[in-house]
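Peer 1: With the sequences and hints as input, model every part of the structure.
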Amino acid sequence: MFFKKRDKLRYLYNALLFNYLIRTKRCKHLPLWLTKEQSILDLLKTNFKTQKNILLKLDIEGSEYAFLDEIVRNKKAFRAMVFEFHDLDKKHELVHRFIDQCHPNSN
1 MFFKKRDKLR YLYNALLFNY LIRTKRCKHL PLWLTKEQSI LDLLKTNFKT
51 QKNILLKLDI EGSEYAFLDE IVRNKKAFRA MVFEFHDLDK KHELVHRFID
101 QCHPNSN
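Taking the UniProt record's numbering as reference, the numbering of the sequence shown is continuous, increasing by one, and the terminal residue is 107.
Treat the hints as calculated values from the structure; they're not laboratory data. One or more of the hints may lead you astray.
Simulated restraints on C-beta separations [what the hints assert, rightly or not]:
#1 V72 to K49: 20 to 26 Å
#2 I99 to S39: 19 to 25 Å
#3 A66 to C27: 31 to 37 Å
#4 L9 to L43: 19 to 25 Å
#5 F18 to L43: 15 to 21 Å
Straight line, CA to CA, 30 Å or less: simulated DSSO-like cross-link-like pairs of lysine-lysine [unchecked claim]:
#6 K28 to K8
#7 K8 to K57
#8 K28 to K49
#9 K90 to K8
#10 K36 to K25
#11 K76 to K57
#12 K36 to K52
#13 K8 to K25
#14 K90 to K75
#15 K45 to K90
#16 K75 to K91
#17 K25 to K57
#18 K57 to K75
#19 K52 to K25
Ideal Cβ placement from N, Cα and C applies to all residues, glycine included.
Peer 2: So, in structure tokens, the structure goes:
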């Protein structure tokens, strides 16, 4: 898998940083396979003690678009967000609107 990555150095850096954060208990990785539609905030309530200052990282192979409205409605809970968006050539307007809605000066 590593040798198929285009930007190997950045991938390696991210993997090492993630590993460090997990080992030092500065973040918690919650690998989930969702079998039904669930709310992000419900998952947080179930699995974590906090509901604010959260770093949200989503890599859910195209399903990230289903969560955008909920994330915008609850944006104050998240300190930072990292996404891997798929099909940007088809869904770039959704991503642009999402970024605009998440901006600190938006309502």
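Peer 1: Decide, hint by hint, whether the structure agrees.
Peer 2: Now the hints, each set against the structure:
1. The given range of 20 to 26 Å is respected by V72 and K49, whose C-beta atoms sit roughly 24 Å from each other.
2. Roughly 21 Å separates the CB atoms of I99 and S39, a value that falls within the hinted 19 to 25 Å.
3. About 24 Å separates the C-beta atoms of A66 and C27, a value inconsistent with the hinted range of 31 to 37 Å.
4. A C-beta distance of roughly 32 Å is found between L9 and L43, which places it outside the suggested range of 19 to 25 Å.
5. Restraint check, F18 to L43: a C-beta distance of roughly 19 Å satisfies the suggested window 15 to 21 Å.
6. Between K28 and K8 the alpha-carbon distance is near 24 Å, which keeps this suggested pair within the 30 Å criterion.
7. Between K8 and K57 the alpha-carbon distance is near 20 Å, which keeps this suggested pair within the 30 Å criterion.
8. The suggested pairing of K28 with K49 holds, with an alpha-carbon distance near 11 Å, which does not exceed 30 Å.
9. For the proposed pair K90 and K8, the alpha carbon gap of about 27 Å is at most 30 Å, so the pair holds.
10. Between the alpha carbons of K36 and K25 the distance comes to roughly 29 Å, so the proposed pair stays at or under 30 Å and holds.
11. Restraint check for K76 and K57: satisfied, since their Cα atoms lie roughly 15 Å apart, inside the 30 Å limit.
12. Of the pairs offered as hints, the one joining K36 and K52 holds, with about 24 Å between alpha carbons and a cut-off of 30 Å not exceeded.
13. Distance hint between K8 and K25 is fulfilled; the C-alpha atoms sit about 26 Å from each other, no more than 30 Å.
14. Pair hint K90 plus K75 holds up; C-alpha atoms about 24 Å apart against a cutoff of 30 Å.
15. Between K45 and K90 the alpha-carbon distance is near 33 Å, which puts this suggested pair outside the 30 Å criterion.
16. Annotation: proposed proximity of K75 to K91 holds, straight-line Cα distance about 21 Å (limit 30 Å).
17. Taken as a hint, the K25 and K57 pair is honoured in the structure, with Cα atoms around 16 Å apart against an allowance of 30 Å.
18. Restraint check: the Cα-Cα separation between K57 and K75 comes to about 13 Å, which is no more than 30 Å; the hinted pair holds.
19. Under the criterion of a C-alpha separation no larger than 30 Å, the hint pairing K52 with K25 is consistent with the structure, at around 17 Å.
Checked against the numbered hints above, the structure breaks hints 3, 4, 15 and satisfies the rest.
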